[in-house]
Every structure is written in C-alpha cells, then in structure tokens.
Amino acid sequence: MKKYNVWMLNAAFLFGSVSLVSCAQEQTAAQKEDNKKVAQFLQKAVETDNFGIVTGILATDKSKAEAVGDYGMTISNVHAKTSPVLEDLAKRKYVEVKQTLPEEKKTLVANLEKKDSVEFDKEFIDVQIAAQKEAVALYEEADKELKDAEIQSFIDQVLPVLKEHLQEAQDLKMAMATPK
1 MKKYNVWMLN AAFLFGSVSL VSCAQEQTAA QKEDNKKVAQ FLQKAVETDN
51 FGIVTGILAT DKSKAEAVGD YGMTISNVHA KTSPVLEDLA KRKYVEVKQT
101 LPEEKKTLVA NLEKKDSVEF DKEFIDVQIA AQKEAVALYE EADKELKDAE
151 IQSFIDQVLP VLKEHLQEAQ DLKMAMATPK
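Just so it is clear: in the sequence shown, position 86 is 86 by full-length UniProt numbering, and no numbers are missing.
Simulated from the structure, these hints should not be mistaken for lab results.
No experiment lies behind these values; they were computed from the predicted model shown.
Keep in mind that the hints are not guaranteed to be accurate.
[Claimed, not checked] Listed next, the in silico DSSO-like pairs over lysine-lysine satisfying Cα-Cα at most 27 Å (straight line):
#: 1; residue 1: K37; residue 2: K133
#: 2; residue 1: K122; residue 2: K64
#: 3; residue 1: K32; residue 2: K62
Could you put the whole structure together from the sequences, leaning on the hints where they help?
Below you can see the structure in the form of structure tokens.
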C-alpha cells in the first residue's frame, strides 16, 4: 500500500510538472508574439513621429496661412516630445528602431518641398489628414493587441492627442475650403 501511494504521488508530480512546462511554453510563445508586435509598433510609431516632425517643420517654413503654420509647429513639437519616449521604450524593450523615413514618406516630403505656399497648404493638410488617420489606426490596433503595460500606458497618453491632431487637420481643411 505504501509503495502504491508513493507511486501515485510520483505520477501526480510528474503529470503536474508536464502541465507546468506546457503552460510555460505557451506563455513564452505568447510573450514572443507580443514582443514581435511591440517591436513592429515601436518602429511604426517612430516613423510616425519622424514624419510629424519633418512635415511640421516644413509647414512652419513654407506655409503662408498662419493656421497651417501653427498646426505644423504643434505637431512637430508634440512629436519631438514623444520621440525620446519612444526611443527609451525601444531601448528598454531591446528593440532597435530605424530613424529613417520609409520611402513613401520620403516621397511625400519631397512632393511637399516642391509646392509653392498656396499649393503647399492644401497638400500639407491632405497629407496630414492621411497621416493622422494612419497614426490613429496604428495606435488603436496596438491598444487592442498589445499586452505590454508600458506600451499600453504610452498609447493611453498619445492616442487622444493623435485624434485631436486628426480633428484639427480636418477642421483646417474645411476652414480653407470655406471662402472668406
């Protein structure tokens, strides 16, 4: 009887250990997937920040409309503040992010640089509406999918600001379309 109890105890321990290892492996796989998504989010967020900084500065230099120049200054200032936070998050998450703009964003910047002030203002606002929609979508998707607490905290702080920037760009477009 004693041997039987010892054998049952060993069997229970063995099966419990196998279950724990299995759960740990599943958790590790889930963590790896979340880490991959975190890295992708951080890269896209850095690109969004860099694009906001570059185009915002461009607007302050090229725009003749005070409201457009002010909007450009606002977005460049905000993204200049979030950029170091993103870089710090990337370092803490052991994610190496590229600081260069993707080719399609470089093309948009190059096209904006070629525009005169009146054409620039209209094109800049259209580009900003598209960029802000893209940024809001990126942050909303990350908010739903990512589990990392630090990233979630960052998203909670930045997403409302991005939505505000989108609304401001849409309001500017309507104001520019309305004859004075």
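Evaluation of the provided hints:
Distance restraint check for K37 and K133: the Cα-Cα separation of roughly 20 Å lies within the 27 Å cut-off, and the hinted pair is therefore satisfied. With a C-alpha separation of about 11 Å, the suggested pair K122 and K64 falls inside the 27 Å cut-off, and the hint holds. At roughly 45 Å between alpha-carbon atoms, K32 and K62 are farther apart than 27 Å, so this suggested pair is violated.
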